[in-house]
Amino acid sequence: MTAVVAPTPAAAEAPKSAPTAVPRADRRATTWLTWLFLAPTLLGLGLFTMVPIVGSILLAFFRWDIISDPQFVGFANFAELATDPTVRVSFLNTFGFVVIAVTLQLAVALFLAVLVQSRMPAWLRTFFRSAFFFPLILSAASVSLVMAYLFNAEFGLVNQVLAAINLPEVGWLTTDAGAITVVILVYVWQNFGFTFLLFVGGLASIPRDVYEASSIDGATGWKQFRAITLPLLSPTVLVASVMAIISALQIFDQPYVLTRGGPGDATRTAVMVIFESAFQQLEFGRASAIGIVLTLIIIGVTALQFRLSRRFVFYS
Amino acid sequence: MATTLSGPLPGVHTPPTRTRRERGALGSAAKVAVMVVAAFLTLGPVVWTLFTALTPLEAGTGERSFGLGAFADVFVQVDMWLLVWNSALVTGLCAAGQMITAAMAGYVFAKMEFRGKGLLFGLVLATMMVPMQVTIVPVFLLIRGMGLADTLLALIIPAIPTAFGTFLMRQYFLGLPHELGEAAALDGAGPFRTFFSIFAPLAAPGLAIVGILAFNYHWNEFFRPLIMLISEQNFTVPLGLVTLQGNLGTGSVATVLAGVVLSMIPALVVFILGNKPLREGLTAGSNK
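Going line by line, the protein sequences match chains A and B. Everything in the first sequence is counted per the working numbering, starting at 781 for the first residue and increasing by one. Everything in the second sequence is counted per the working numbering, starting at 88 for the first residue and increasing by one.
This is chain B alone, in the form it adopts within the complex:
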């Protein structure tokens, strides 16, 4: 999958030829130099984080030495495995739930005719305009009323229905020819089989976008866990790390940063394997 990183973005194949005569090689070099500085400023803090986590201060001497001590220390200071497990559970179930419900609803909005379709789809889209911070108080009260306060389900259940995912999957199914369904019907497939064996597999790339965006969002989210979770045994990784930093103060920088590095690994894997769907998904809302 390394190709996802090395291929050029669609349409940006070659630069316009206009600058060739005026600027020449010197202008290009200056531009590249500016971009090298920008890339340094962008990646610098990440590299510094990795470097500092790998060179913790020695307790007695105050010297920095290379080693994995800080990484071992994170697991001593905080139940890192539990944090990762909680985050994985929330992220995995949110992503799976969003993929399933968005595929189903998107399919119906794209391929089925029924009364009230336009109105219902409009309502689904309208919910995208409402910022989460506005609904969080009533959602918290609802969750509390359902007896789910301070559980991981408080983060999972409200996050499964997804207006954006439904919109994205509808667009995806609209792009698949209607004739596929008719052909399947002629072959005797019922509507459920038509969906599961014909359309759903073809929509896999769209589903990947929904899943990757859900992963990226829920693995990193901080606001909802901060509100919904009270007990440390339910904390997710970002909440656990911020709490750890609060407990340790500024004494063990390397330990906290080791935790940050660990928390970046899954995001990095997704960034490398799913670069293209991630880019497409992030910018999808702006095209239509």
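Looking at chain A on its own, in the form it has when it is part of the complex:
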């Protein structure tokens, strides 16, 4: 990978587009500029992304605690992933979380993106758009601190409200189902605004005369939504779901701050296990193996997007 970032071999090349009238000194300066300007980005990405990828792959085949010498263990780290109950639970948790959170996120975002298009004063539309987008700029860790208080089983506002309307109080962060629900709600609360923005952009690009033509044919409301909006929005829906899936697969801040993965392992996610394996149990090889599996899943999702977009998505 280091060959990629070595600027010298190609540095002698003159820029092809430079007109012949350009003086030699300028041509040399152009070459200088090219590699000087690329160097920080290429060297930086090489050192802090490419080298770590290779390092991660290598580490996954070793058992290493930083202190003693690394020990080659072949595929043992990967084999352990399948047998280790914590790792297995964390991946199942992550998959379950992704399915529910992403579905909820897309549904809420689409619903609100369609609603925000309806007739209302411009300032009101701006207010709604800003409100839905606002949580995105907050820190997930701080948001989780706030939500931990709101969902506190003893004195949290949520249970107070439930009690006030004569509903049973819920052990939000103390029961498995409660903790999972809170992590999902907090995550979706903070992230639906992103999908919402994508859908607002996608809806705006649907030509209005399509609706007008279908109105003349007698199509209304729900029928138009199914026959026009959804198919024409499908490229946006696909991109939005892939981005949402990739981001949800990497969830860490919310469960770490809200529950530390508990109760038991109920909200332990894949990235939490990477963190705990590496930085609490000093199992760097195992952490790398989990990271590689997670990356392969993410690449798989991206590849699936490309396949699906060829088969199912309508482009106008």
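Hints may be right or wrong, so weigh each one.
[Said to hold, decoys possible] Beta-carbon label-pair distances, calculated as ranges:
hint: 1; chain 1: B; residue 1: L212; chain 2: A; residue 2: G1001; range: 37 to 43 Å
hint: 2; chain 1: B; residue 1: I359; chain 2: A; residue 2: P987; range: 29 to 35 Å
hint: 3; chain 1: A; residue 1: F1005; chain 2: B; residue 2: L273; range: 53 to 59 Å
hint: 4; chain 1: A; residue 1: S848; chain 2: B; residue 2: E150; range: 56 to 62 Å
hint: 5; chain 1: A; residue 1: R1006; chain 2: B; residue 2: G205; range: 38 to 44 Å
hint: 6; chain 1: B; residue 1: L261; chain 2: A; residue 2: D989; range: 29 to 35 Å
hint: 7; chain 1: B; residue 1: Q320; chain 2: A; residue 2: D956; range: 49 to 55 Å
By construction, these hints were calculated from the structure, which means they are not laboratory data. Even for Gly, the Cβ is constructed at its ideal location relative to N, Cα and C.
Given the structure of chain A, go ahead and fit chain B onto it with the hints provided.
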């Protein structure tokens, strides 16, 4: 800059006329009502945070009273100024570094011809696919090897090269006419002057997007500081607040929430001043 908040999004000028006859005013009112509920649920926790921070429990009486006591208490419980300074340093240097390196690399990928350009740009884009959580272990080991463990540089240096920023700036420079450079060359400007005095100033809006996104990300980030930093004197704001909550338990809700409110102020300023570039930047990756 208040206009950035009040202007409609491009293309969403007026709703389709289709619903006018069928639904009428009643349907619109119902829709607005649903959205008011959604906005209440979205902003409610933020308003509650502010309200609770401003009404701390009195030590003796157990009564809530309005005041800034909780805000004063944050500075007693934790070195808030130091947390803010650390976060500002990391955020500022990451943003500045990303803007500079992305402008330079994006310019070269947009305007220069050289052997291997397509391959190198492809590699830059490929690094975007790799989640940070996967490279964090080797990055931690690298940082430790460089003797930077438990320093703010551990957060800054690896974050400066930016594939996404480079991509964004390349798109931006591609949109600027090539003739600008040729005209400058005819006037005798060398390649460096052409970049610094012609192209770089014109790319300011693109740079603003890169800077604002970097600010938003690094001001709020938690995962990397949690891993890279050990000593409390190096903590950034989110890490400091989570630690504070851990130390105080559930006793001083208002104090922790006062800290959360303080941490939101810079993000809020950016949200108001940079609403449009923030929106454009966040969704930029989905358009191409």
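Hint-by-hint comparison with the structure:
1. B/L212 <-> A/G1001: 37 to 43 Å: This hint holds: roughly 42 Å between Cβ atoms.
2. B/I359 <-> A/P987: 29 to 35 Å: Taking Cβ atoms as reference, B/I359 and A/P987 lie about 33 Å apart, which means the hint holds.
3. A/F1005 <-> B/L273: 53 to 59 Å: 56 Å, holds
4. A/S848 <-> B/E150: 56 to 62 Å: 58 Å, holds
5. A/R1006 <-> B/G205: 38 to 44 Å: 42 Å, holds
6. B/L261 <-> A/D989: 29 to 35 Å: 31 Å, holds
7. B/Q320 <-> A/D956: 49 to 55 Å: 38 Å, violated
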